[in-house]
Amino acid sequence: MNQEISLVVNGTSHTVRVGDHWTLLDLLHDALDLKGTKDGCGEGVCGACTVLVNGRAVRACLTLAAYVQGAEVVTIEGLARDDELDPVQRTFLELGAVQCGYCTPGMIMMSKALLDENPNPTRDEVREALAGNLCRCSGYTKIIDAVMAVRGAD
Amino acid sequence: MPPSQEFRIIGRSWPRHDAREKVLGRPIYASDFTMPGMLHGRALRSLYPSARILSIDTSEAEKLPGVVCVLTHKDVPKNEMEMALPGRMAEATAGAQMATQPILADGRVRFLGEAIALVAAESPEAAAQALDLIRVEYEELPGVYDSLEAMKQGAPKVHESGNILQRWHVRKGDVGSGFEEADVILERTYHVQLLDHAYMETEGGVAWVDPDGTLVMKVGTQVVEHYTDVTEALQIPRNKIRLIAAPMGGGFGGREDVTVEILVGLLAWHTRRPVRLVYSRDESILAHGKRNAYVLRYKMGAKRSGEITALEAEVVSDSGAYAALTPWILYYTTATATGPYRIPDVLVDASAVYTNNTFASAFRGFGSVQACFAYEGHMDAMAGELGMSPREFRERNYLKKGDTISSGWALESEPMLDELTSRAWEALGPPPKREPGKKIGRGMAATMVPYGRMAWTHDSSTAWVGMEADGTAMVRCAAPDPGGGQGSSLVAIAAEVLGLPMSRVSIGPADSHMAPRAGTTTATRQLFMSGNAVLKAAREVRESLVAQAAQMLGAREADIELVEGDALTPDGRRLGLAQVVREAIASGRPVESLAKYDAPVADTIDPDTGQGKPFNDFTFGVQVAEVEVDEETGQVRVRRFVTAFDVGKAINPSAVEGQLQGGVGMGLGDALMEEVVIDEGFTRNPHLMDYKLPTTLDTPDIETIVLESGQGLGPFGAKGIGEPALIPTRATIVNAVSDAIGVQLREAPLTPERVYRAMRSGTD
Numbered sequence: 001m002n003q004e005i006s007l008v009v010n011g012t013s014h015t016v017r018v019g020d021h022w023t024l025l026d027l028l029h030d031a032l033d034l035k036g037t038k039d040g041c042g043e044g045v046c047g048a049c050t051v052l053v054n055g056r057a058v059r060a061c062l063t064l065a066a067y068v069q070g071a072e073v074v075t076i077e078g079l080a081r082d083d084e085l086d087p088v089q090r091t092f093l094e095l096g097a098v099q100c101g102y103c104t105p106g107m108i109m110m111s112k113a114l115l116d117e118n119p120n121p122t123r124d125e126v127r128e129a130l131a132g133n134l135c136r137c138s139g140y141t142k143i144i145d146a147v148m149a150v151r152g153a154d
Numbered sequence: 001m002p003p004s005q006e007f008r009i010i011g012r013s014w015p016r017h018d019a020r021e022k023v024l025g026r027p028i029y030a031s032d033f034t035m036p037g038m039l040h041g042r043a044l045r046s047l048y049p050s051a052r053i054l055s056i057d058t059s060e061a062e063k064l065p066g067v068v069c070v071l072t073h074k075d076v077p078k079n080e081m082e083m084a085l086p087g088r089m090a091e092a093t094a095g096a097q098m099a100t101q102p103i104l105a106d107g108r109v110r111f112l113g114e115a116i117a118l119v120a121a122e123s124p125e126a127a128a129q130a131l132d133l134i135r136v137e138y139e140e141l142p143g144v145y146d147s148l149e150a151m152k153q154g155a156p157k158v159h160e161s162g163n164i165l166q167r168w169h170v171r172k173g174d175v176g177s178g179f180e181e182a183d184v185i186l187e188r189t190y191h192v193q194l195l196d197h198a199y200m201e202t203e204g205g206v207a208w209v210d211p212d213g214t215l216v217m218k219v220g221t222q223v224v225e226h227y228t229d230v231t232e233a234l235q236i237p238r239n240k241i242r243l244i245a246a247p248m249g250g251g252f253g254g255r256e257d258v259t260v261e262i263l264v265g266l267l268a269w270h271t272r273r274p275v276r277l278v279y280s281r282d283e284s285i286l287a288h289g290k291r292n293a294y295v296l297r298y299k300m301g302a303k304r305s306g307e308i309t310a311l312e313a314e315v316v317s318d319s320g321a322y323a324a325l326t327p328w329i330l331y332y333t334t335a336t337a338t339g340p341y342r343i344p345d346v347l348v349d350a351s352a353v354y355t356n357n358t359f360a361s362a363f364r365g366f367g368s369v370q371a372c373f374a375y376e377g378h379m380d381a382m383a384g385e386l387g388m389s390p391r392e393f394r395e396r397n398y399l400k401k402g403d404t405i406s407s408g409w410a411l412e413s414e415p416m417l418d419e420l421t422s423r424a425w426e427a428l429g430p431p432p433k434r435e436p437g438k439k440i441g442r443g444m445a446a447t448m449v450p451y452g453r454m455a456w457t458h459d460s461s462t463a464w465v466g467m468e469a470d471g472t473a474m475v476r477c478a479a480p481d482p483g484g485g486q487g488s489s490l491v492a493i494a495a496e497v498l499g500l501p502m503s504r505v506s507i508g509p510a511d512s513h514m515a516p517r518a519g520t521t522t523a524t525r526q527l528f529m530s531g532n533a534v535l536k537a538a539r540e541v542r543e544s545l546v547a548q549a550a551q552m553l554g555a556r557e558a559d560i561e562l563v564e565g566d567a568l569t570p571d572g573r574r575l576g577l578a579q580v581v582r583e584a585i586a587s588g589r590p591v592e593s594l595a596k597y598d599a600p601v602a603d604t605i606d607p608d609t610g611q612g613k614p615f616n617d618f619t620f621g622v623q624v625a626e627v628e629v630d631e632e633t634g635q636v637r638v639r640r641f642v643t644a645f646d647v648g649k650a651i652n653p654s655a656v657e658g659q660l661q662g663g664v665g666m667g668l669g670d671a672l673m674e675e676v677v678i679d680e681g682f683t684r685n686p687h688l689m690d691y692k693l694p695t696t697l698d699t700p701d702i703e704t705i706v707l708e709s710g711q712g713l714g715p716f717g718a719k720g721i722g723e724p725a726l727i728p729t730r731a732t733i734v735n736a737v738s739d740a741i742g743v744q745l746r747e748a749p750l751t752p753e754r755v756y757r758a759m760r761s762g763t764d
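Residue numbers (our numbering), protein chains in the order written: chain B, 1 to 154; chain C, 1 to 764.
Just chain C, same shape as in the assembly:
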């Protein structure tokens, strides 16, 4: 880094590099993108959650003027998407077991809204009319819509292989003896509902075939590598496709799975014309992966002194009709089921089960929200049994550096939970006065969330950084930015290292043909992984520039500083970097670098006991809230909310606050109003009119506390914050409401009706 060790950009708040264009309304999202001669694509979707398809007649639709093609499963060269199931870990890498999902339904539909046929037409109207003219003959089949029912003998089978998709286990110590040591044992069951990402922009993309025969697509996706799924479906070589991640109106895990990529790719490949396919809002809610609904049974033992001795958890996740990423999400739940607490004896049995509900998959938090809701609800309940305050009980049991987590691995960094807890409660201040007609309560939740992928996955990212002869710089790195500011962080890191103002560094699009592979924008990994790759590449370029400048200025390399686009010597002589770059090029010195960052690697965990090193590091946080409940109506209002996290190092403090506040905003919806209601397979609220999202009136000003311990594995000691920001919010608010009404609530959303009933019954 600069010899002075003083950052010019990192750690200061600056507008993101793309914010100016955004306030001007200029970015072209996939759903806004047009091409000359572009067709409009639509998908026909199943009207039943569980049915046999007896026939599909597309002849009338094909005759409609303006319709260019109608495709069914017969037109898909390889109609099965395959997901390797983890199974025994050794087998997982060999892909021994596969779960499959048809691209277009072939003889059977397993959830309401499954794609059956595709249409491309000259106008959106013709495409819509064509869908109405496709005749599908169904024979309804019995379905199963509840994960616990689906596990029973004789339940309707969603797949021939049976309804159990995946199991994970943790066996640490001996829970039997742990419970024997306990003075108090408490068992309770927690429920987590199905949730939609509800990003403001629905899924969409445009595809076309370039004159050289390459299939090109601009898609709102968190994963550039989805191009491989398209080439599999089309059975074309992987180097004959180019996928560009367009600017996105939010991601939150919803664009981690393939959305429109294969559908729009099929239509463009078939018609050889540009095609746009954008999901309507109801299609988005019906047909893309949701957040898994869970049932979590927790049994905990503790001594009177407040020391936890044992935890037993039984977890069931509803995968819906297909596997998608559910097996891995379940792993995250399993690995984080004990929360940030020291528990000597642990037993976790987790299962994921197929049902005929909309398939579930990645959602910001990836299984961590469900675990956190259960362990934090249970910490409060147990504190109550012990006659301790929720805060005191947690503080007795918080993990410290060197303690073993449930996988038996010793924590390598300091969680800072005591400091986070005191700072958060301090910010909330003294308890408020009573108010007539209102019940006021306070609650907290703490969490521990991994950032970066599992430690055995050999995760890596590559980035290219290069100087231009005018003294500007370019970053190439195929890291999609769904709106979290990933791109801006990479620009800032390069600018810091190269001594350039941010305005002189650009980042190209996440383009599979033009940018080196960065891996997915998921698992809170881009700042950690691609940030390190850009840092490494930029440092290599810097080294070359410094050597060149030292030679030109007759100074020692160690004395050269790069500041605001100049190379400086201690005695005040300076050279513009443009000149340095030109001389470097002329003398054959590199002014660009391609660097790869490899995450630390550990052995795979033991699949029977879950023991080993699951993740390289974790982000820790604490949230506290104050709520009021209307005694007459059960309506909840969140009055105050404080979120406190150790982010390692804030690359852009303003952006970190934005992430922290955004996580709380989303968690508030989860706690108070959001649920995809599926009634015997039929989604009842596939519109934003009745899928309620929090507004400005529901959301208080969110106070943030940012600790910077510098312990992270990311650039400059940064940890990841994208997903962690959301994790404890649901538990915090539900715990606060439980405190207000004196009854523990163990499911959400906390609709007025649910709260009112709990208040009235006075029991849990």
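Isolated chain B, as found in the complex:
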């Protein structure tokens, strides 16, 4: 524990002590007890650890904690307001896009990043945006349906 990092996570400022080799994923799990961001492969392939850093989707398992000094981070825990689900969470829930739930936080954060940048994506654009997030349960169809439905809902 030899470095101090200040950052904003889900709207709250934190200053935490981290080890040199800690990743953002370690910081979220071990320093802030935020377990919603998942660890699937530890090498940036599966996308289960996707979070937003200063509005951009990043892989928390490949991002060193030192890199997020002063950054604004949003995780799956930061999307819902009080009891109100974010539109992406709502369509994932309503359209059956959730099975085991392990890829879900990363999928939702990646979808969020896409929709923030491009509120009216085509189906192909959704496919392209989610290509780095693996799901082993769903065959992706309902996940893509859910992201498309957000567009329709707004």
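If you're looking for bench data, these hints aren't it; they were derived computationally from the structure.
Quick caveat: nothing in here was measured; it's all calculated off a predicted structure.
Worth double-checking, as some hints may not be accurate.
DMTMM-like mimics (lysine to aspartate or glutamate), calculated; alpha carbons at most 25 Å apart, straight line [to be verified]: (1) C:Lys-74 <-> C:Glu-140; (2) C:Lys-692 <-> B:Glu-128; (3) C:Lys-692 <-> B:Glu-125; (4) C:Lys-692 <-> B:Asp-124; (5) C:Lys-438 <-> C:Glu-703; (6) C:Lys-438 <-> B:Glu-128; (7) C:Lys-692 <-> B:Glu-43; (8) C:Lys-692 <-> B:Asp-145; (9) C:Lys-78 <-> C:Glu-160; (10) C:Lys-433 <-> C:Asp-698; (11) C:Lys-613 <-> C:Glu-414.
With chain B's structure known, arrange chain C on it following the hints.
This is chain C only, laid out in the frame that chain B set:
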């Protein structure tokens, strides 16, 4: 059921009961779970696929600060896991023959990545460093890495007992005369590669010892009953352990075998502190059971009219270094080797063989994918020889109700294959136009997959359903939910019967101390078995509530309906169920019930001929696909995919579609890109970087067709769909690519290189 016979919940699409928590990122999976003072466990794994261990020196590791204990085979009270081999069926139940697998290697390693020692340390870093400090002296031994080589005289022996693990046979009619009647006889060999489950969450668990001396563990497992394996290893009484199945990031059969349970249990028992052990991704690929690689030689005879007369199949399964569930997987392959076709004369000889590859075991489909790839490849090849279309040839031979399958048993339900076939092809529509630079093809596959365990196993499930005095209800049933929605289906069934909204029914965890035994979440059995147990328990509770309400409302019991939490009379009077429950309790009427469902039981099959009743029922499905192949590169793209199944009754249609689509997604990886590459015992791709999984860009939108014949043995006529959804996909895609390039492909994955070479050679 409700007198109106109209379902309020069953058959309608609703969000699963746990989906809200999942989109909020709230469920705590085993790999996320922490305890105060928790240690971090790691396993040291073998660096050689076949070697003698001359010595293990743990002294340096033990001295490292932060290391709490280092364990080897000497620290395991009973170091041999035992698997009863089927053998002669009568002997199987007596457990006459045993295959064993050491928990920690003792003097010998038989595959790369076999566990040798365990470490528990205060930090993950200390645990990792400690592994580096354990000195293991190996003497390499010759190994055998190919199942056909392993069967030869003089092959290196993986086990002292020899390399043949298991054989199964089918003898139906007389294939000799069947081939004599045939106008065309065709023989070909099909290969199926080793596959990884690649669930998004690797294997993991946390264990600790409670103040009362009970060993408690939260593990991602499909089988709560694994606690018995832990108590065997530790030699403690079976009632001194409590196993809770944590939420899981996928299962697919990979958590049907024991994964971390014994390892993490040993560390917690030894240190008396909480310990977490989670496999890294490479450890997961190296060290847990894979899907068996197979070689299947098929010889079929048919008349010019298209009628199949005989089938002979020789099947060899690579078990890898240990038995695990391979003998039973091989049985499923043997029993389904003829597919959904009427074949009078059948001979199947199947063998499972030890090699020094990673051990193989359960994988969604349990031997059915391998069989389906061979019979569906062969149906296409035979259709070609006969000058018929693949569809027409299949339609001539599809099983109908009352036809005998290869075990001589007459089918008790209607397979609906004609309807499934026409609906699937209709959905695909007219053939597309030619496109320059691309070869376009279409293919199909049909299948027949059992749901529920073998009919002679006396399978059962128990469930408890009870009302609370506030009008909510609780389901207790130790059925793990790896993500397929098993828990939600049980909630829905209870809510339907009790006339409650789903939000007023909860299900507790699959906990060996707190929930009645439901059996394994395997063999596509939970909806069938535990669904029926919950249905039975809920109906008993309902009966009691209705009697109480009738008395309170001065109505006949037959007139009472339970709707949205109220008891209703036909003339519109109503009582809240909370009030009914309180009155029932006050007057001594039961408001809870523990019910057991027993699957129908048949005699064991004849082990020499495979004749008898193998399974209680089957799920049938048909898939069709359209693919394009890049003529320059051999790259395959799946353009369209339609999957059609008779599910009996869709408890939650949206969830059924999810299962159907997920099965196709997984089968697409099997067909096009996935393979655990083991080169002379060394795994070359133990990472998701090079073990390629399908992404959104590889997977088309998957179209689903759901038939509901109501013929299933599950609640409300449901069949099982979890495993069947996957089975035909590999064959469908490979058949479609073969159609596109005009050369039959008989192995996969269809990497661009493999397809390109086949296109170039122009021969099969």
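Now the hints, each set against the structure:
1. C:Lys-74 <-> C:Glu-140: holds, 22 Å
2. C:Lys-692 <-> B:Glu-128: holds, 17 Å
3. C:Lys-692 <-> B:Glu-125: holds, 22 Å
4. C:Lys-692 <-> B:Asp-124: With Cα atoms ~21 Å apart, C:Lys-692 and B:Asp-124 stay inside 25 Å; holds.
5. C:Lys-438 <-> C:Glu-703: Distance of about 23 Å is within 25 Å: holds.
6. C:Lys-438 <-> B:Glu-128: holds, 22 Å
7. C:Lys-692 <-> B:Glu-43: With a Cα-Cα distance of about 14 Å, the restraint between C:Lys-692 and B:Glu-43 holds, given a limit of 25 Å.
8. C:Lys-692 <-> B:Asp-145: Holds, because 24 Å separates the two Cα atoms, which is no more than 25 Å.
9. C:Lys-78 <-> C:Glu-160: At roughly 20 Å apart (the allowed maximum being 25 Å), C:Glu-160 and C:Lys-78 satisfy the hint.
10. C:Lys-433 <-> C:Asp-698: Judged against 25 Å, a Cα distance of about 22 Å means the pair holds.
11. C:Lys-613 <-> C:Glu-414: Within the cut-off at roughly 17 Å; holds.
Checked against the numbered hints given earlier, the structure satisfies every one of them.
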